[in-house]
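Generate coordinates for the entire structure from the input sequences, incorporating the hints supplied.
Note that the protein sequences, when read in sequence, are chains A and B.
Taken in order, the first sequence gives residues 1 to 750; the numbers are from my numbering.
Taken in order, the second sequence gives residues 1 to 137; the numbers are from my numbering.
Mixed in with the good hints, there may be bad ones.
[To be verified] Here are some of the chain A residues that sit facing chain B, going by a computed Cβ distance under 7 angstroms: (1) A73; (2) Q160; (3) V221; (4) E223; (5) R226; (6) L310; (7) P339.
[Said to hold, decoys possible] Over 12 angstroms on every C-beta distance to chain B, these chain A residues come out as not near it, computed from the model: (8) T220; (9) E224; (10) G238; (11) V252; (12) L285; (13) T287; (14) F667; (15) D728.
No wet-lab data here; the hints were simulated from the structure.
No experiment lies behind these values; they were computed from the predicted model shown.
Each residue gets a CB set at the ideal place from its N, CA and C atoms; glycine is no exception.
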Amino acid sequence: MTTSDEELAKDLGLLAALTIGVGTMIGAGIFVLPGEAAAAAGPAVALSFVIGGGISLFTALSASELGTAMPKAGGSYYYVNHALGPLFGSIAGWGNWIGLAFASAFYTLGFGEYLSTFLPLPALALGPLSLTPFQVGALLAGTAFITVNYVGAKETGNVQIVIVTILVAILTVFSVLGMLQADLTTLRPFFPPETGGATAVLPATGLVFVSFLGFAKITTVAEELRNPGRNLPLAVVGSVVIVTLMYALIMVVLMGVVNWRQLAPEFTTTPVLDVADIAFGTVGLATVGVGLLTFAGLLATASSANASILAASRINFAMGRDKLVSDTLNAVHPSFATPYRSIVLTGALILLFVVLGDIKTLAKAGSVLHLIVYGLLNIALIVMREADVESYQPEFEVPLYPVVPVLGALTSFGLIAFMEPIEIGLSLVFVAGGVVWYVVYARNQTEKRGILNQHIISQSPVDAAVSVATSVQPNGGRYRVMVPVADPEHEKDLITLASAIAKQHGGIVDAIHIVTVPDQTALAGAAAYADELDETSEQLLDAAREDAETFGVPVETHTIISHRSFEEIFDAARSHQASLVVMEWGDELHGSPGRVESAIDDLAMDLPCDFLVLKDRGFDPEHILVPTAGGPDSDLSAAVASDLRAEYGSQLTLLHVADSLADGEAFLESWAHDHDLGDAEFRVETGDVETAIEAAAEECSMVIVGATEEGLLSRLVRGAVVVDIVDDVDCSVLLAERARTRGLVERLFG
Amino acid sequence: MSRTNLTSHVLVPVANEDDARVTAKALEPYSVGHVTVVHVVEKGEGVPDKTPVEQSESLAAESFAAFRETFPDAESRMTYRRDVVEGIVDVADDIDASAIAFHPRESGRIVKLLTGDRTLHLVTSAPLPIIALPHPE
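As C-alpha cells, then:
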C-alpha cells in the first residue's frame, strides 16, 4: 500500500463535501416551500431567505471550528455532548435525530407532491386515517429511501456531485429564462399589507428555515474529509452562501413571473412548475421545462431525504458511543454493512410523521429542533474556547470571537420565538423527552462528562498531562483511597486516616478538591476565578500531599470544577476507580440538603466503592470502639479497625447489644473470629443500643460504626437523617458503608 | 522455476466478528504457514460511508480479535476500498501472499444481487490462488 490507512479513510474532497451541503439544502427551499413562503410574506420572503442564511452562517462558522477541532461522527450532537455534558447531549441528540426525521418526512412529502403531478396516485382511507395522494406517494418514496439506505446500495462514486451539478444547471437555466419574463412591477408591493407587511418577514423566516438544514450534516462526516482544516469550513460556509443566494434569486424570479398571490397553496401545490411553464414557454419548450423541473424536484427532495436518513444514523452511532442510547441500535448488518436497525427506526419515525403531519408543521417542527441544537452548538463553542482545553486545537477559528457564536446562539434561539405555539410545543415534547431520557436512562449509562461541568486541572505528579476527567487512569489493581478534601481544618485528619489504610494495603492516596460553581455559572465565569481556585486548591492539595508523604504512601492530587459536589464525589470515585473513599462529615461541605435532585439521585445512586465518613473531633486511634450487629457494613468497620490497629497498635473494643448476655457473647465471639479480631476486648450490653454505644464511647478515642441501613450514608451526608450517636459522643466517629449495587426495588424502598 | 508452497502465507478476508470466528474454525483443521487476516472497509469515494469510520475500525478490531481466538499469531491488515474484492487482492499483493483462503458466506440470491456476489468476483478475478473453505463441522 502506498498511501497510509489514514489517508484511505478520507476520501471526500471539497466538491463532494460541498455537494452534501448544497444537495441536502436545495431540495426544500425551492421545490417544496415557495408556495407556503409566498403566502407567508409575499415578495419580501426573499428577505426571509437572506435572514435565514445569515443565521445559518453564524452557526456554520461555529460548526466549522468545532468540526476541525473534533472531526468525529455525530457532528453537532457530539460537540454539545462533549462540551456541555450528557444532559444537553441528550437534548441535542434527540433533538437532532427527531429533527432530521421531521425534515426527512417534510422532504418526502415534497417528493410525493412532485410524484403526484405525473403519476396518478390514489387517496387512501386506512381506518380513521385518510391519506392524500401526496401522502401515498410520500409513503412509497419514503419506503424506497429507507430500503436504499438499509441495503446500502452503492451509488457510483460521484453520484452526489452529478446530482447537484444537474440541479444547479437546471435551476440556472430556469432563473435566466424566468428573469427574461419577470416584471418588476409584479414584485410590488414588496411588503404586501395582507401578510402583515414587513412584520411578516421574521415569521416567514421561521417557516423557510427548514431550507437551511443541511450544512451541519457535512460535519457529521468530517472524519471522512480530506484536509478537513481547509475543506470543512469551505464546504460548510460555502454551501450556506451558495444556497442563500440561489434561494433569494429564485424567489425574486418566481414572484416576478407570477404574482405571489397566484403561487399560494390554494392555487397550486407546485408553483415552481407553473413558473417553469411560463418561463420555458417563451422559448417554445413549456413541456420540456415542466419535465426538467419535475425531475429536479424529485432529485432534490430525494437527495435531501437520503442524506438526512444517513445523518440520523450517524447521530445514533455517536449517541451509542457515549452510551446515551443502547449500542445494539447501531449494530451493523452482516451482509449489507449498514447500521440497519438505526435506519429502520428512523425510517419508521419518518413514515409516521408523513402520515400524521402536514408540510408546514413538519418543516417548522424540524426547524425548531435544529435551531435548539444550533443554539447549543454555539454555546458549546464558547465553552470549548473558555475552558481552554489542551486537546482543543481547531484548524479553523471563527472570526470575531465571541461575537459570531454569541450572535449564532441568540439568533438561533430567537428565531424559535417566531414559530407557532404548536410547533414549539411539539419540539419541546422531544426536548422534555431528552431530559427525561437523560434522568431515567442515560445518566446511569454514560461515562461521558461535559467539559463544562467537569473541568479538571490536574496536578498529578505522576502524569501532568491529564487535563480532563474522561482520562480514567486504570488503578492497575492498586488499592486507591480517594479523599475529597474541602476544609483545611480537617484535611490533615482525613489524609492521615486515608494514608494509614492505604499503607496497610500497599495502596495509593488520591486527594481531590471539588470546587462547586452554581449551575448558572458558565465555565466562562468559573475560568475567570480559576486563579483564585487554583490557589485554594493548591494549598489544600499541597498540604494533603505532604501529609500523605509522611506515611511513604504515593499520592495523586486533582482539582475538579463541577456544578455538583456530593454527586461529583460518586462520579470521581467511579472514574478514578477508587477502592475506598474517605470523606468528611459536614452539613455544608458536600452538598446542599433538601434539593430535589438529591431525591432523584438517591433513587439512581449505587455506591461505587466503600465509603468512610469521618465526623472529625481530632484523629486519635488510640482506643477504638467497634459496635457491631453483623452485616456487610460492619465487615468494613472491622477491616478499618484492623488496619488502624496494625498501623497504630490501637486498643480495640467490640460492642454488641443483645437481648441476653449469653447470646451476645456467642455472637461477638464468632463475629470477632470471622474478622480476625479475636484478641480484642469484648463488651456485651443489653437494653437501648444508643445508650450502650454512648456509654462505651466515653472510654474510647474513636468509634467506627457500620452504616447498617442501606442508603443511609448518602442521606446522612446530605443531612437528611440525624443519627444521635454521632452528635452525642465526644470522640471522632467513623461511619462505614460498603460498596453496593442496589436493585430497583431497593432504590425505591431501601 | 521454483515452486511456491500454496499455503506458505495465506490471506484470510473477514467481514465481521461472527464471520471471523467461523472462518477461523473453517481454517483450523488445515496446516498452513503464515496467516494474515484482512478486513476491508467499504468506502463511498465521493459519498459518505454507510458507517462512521470509527465504527468500521472497531468492527475490524472485533473481527481480528475473534479470529485470533483460534489463530493467536495471525497478523492483521485493514484497508479502505470502494471495491472490497479489489482491496483484498491489493493486500494479498502487498504482503506477497501465496493464496487467499476464505469462507463463502451463505446468502440468498437477492442479497447476492444487491451486494454484487463477491464470492464470484473474488474467485474469477484474483491473480492468485483462491481457497474456498468448507463450513466447519
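Okay, the hints, checked on the actual structure:
1. For A73 of chain A, the suggested interface contact is upheld, since its CB lies about 3 angstroms from the closest CB of chain B, less than 7 angstroms.
2. Given the 7 angstroms rule on beta carbons, the hint for Q160 of chain A holds: about 5 angstroms separates it from the nearest Cβ of chain B.
3. At its closest, the beta carbon of V221 of chain A sits 4 angstroms from a beta carbon of chain B; the interface hint therefore holds under the 7 angstroms criterion.
4. Annotation: interface hint on E223 of chain A holds; nearest CB of chain B at approximately 5 angstroms, less than 7 angstroms.
5. Of the supplied interface hints, the one on R226 of chain A is violated, with its beta-carbon coming no nearer than about 11 angstroms to a beta-carbon of chain B, more than 7 angstroms.
6. A distance limit of 7 angstroms between C-beta atoms decides the matter here; for L310 of chain A the minimum to chain B is near 6 angstroms, and the interface restraint holds.
7. Using the Cβ-Cβ criterion of 7 angstroms, the hint placing P339 of chain A at the interface with chain B is satisfied: the shortest such distance is roughly 6 angstroms.
8. A beta-carbon of chain B comes within 12 angstroms of the beta-carbon of T220 of chain A; the shortest separation is about 8 angstroms.
9. With 12 angstroms as the threshold on Cβ separation, the claim that E224 of chain A sits away from chain B is violated: the shortest Cβ distance comes to roughly 6 angstroms.
10. Distance to chain B confirms G238 of chain A as a non-interface residue, since its nearest Cβ pair spans about 17 angstroms, more than 12 angstroms.
11. Annotated as non-interface, V252 of chain A keeps its C-beta farther than 12 angstroms from every C-beta of chain B; the closest such distance is 33 angstroms.
12. Every beta carbon of chain B lies more than 12 angstroms from that of L285 of chain A, the smallest distance being close to 32 angstroms; the non-interface claim holds.
13. Taking the minimum C-beta to C-beta distance to chain B, about 33 angstroms, the non-interface status of T287 of chain A holds against the 12 angstroms cut.
14. For F667 of chain A, the requirement that its beta carbon stay farther than 12 angstroms from each beta carbon of chain B is met, with the minimum near 51 angstroms.
15. Chain B leaves D728 of chain A outside its interface by the beta-carbon criterion, the shortest separation being 57 angstroms against a cut-off of 12 angstroms.
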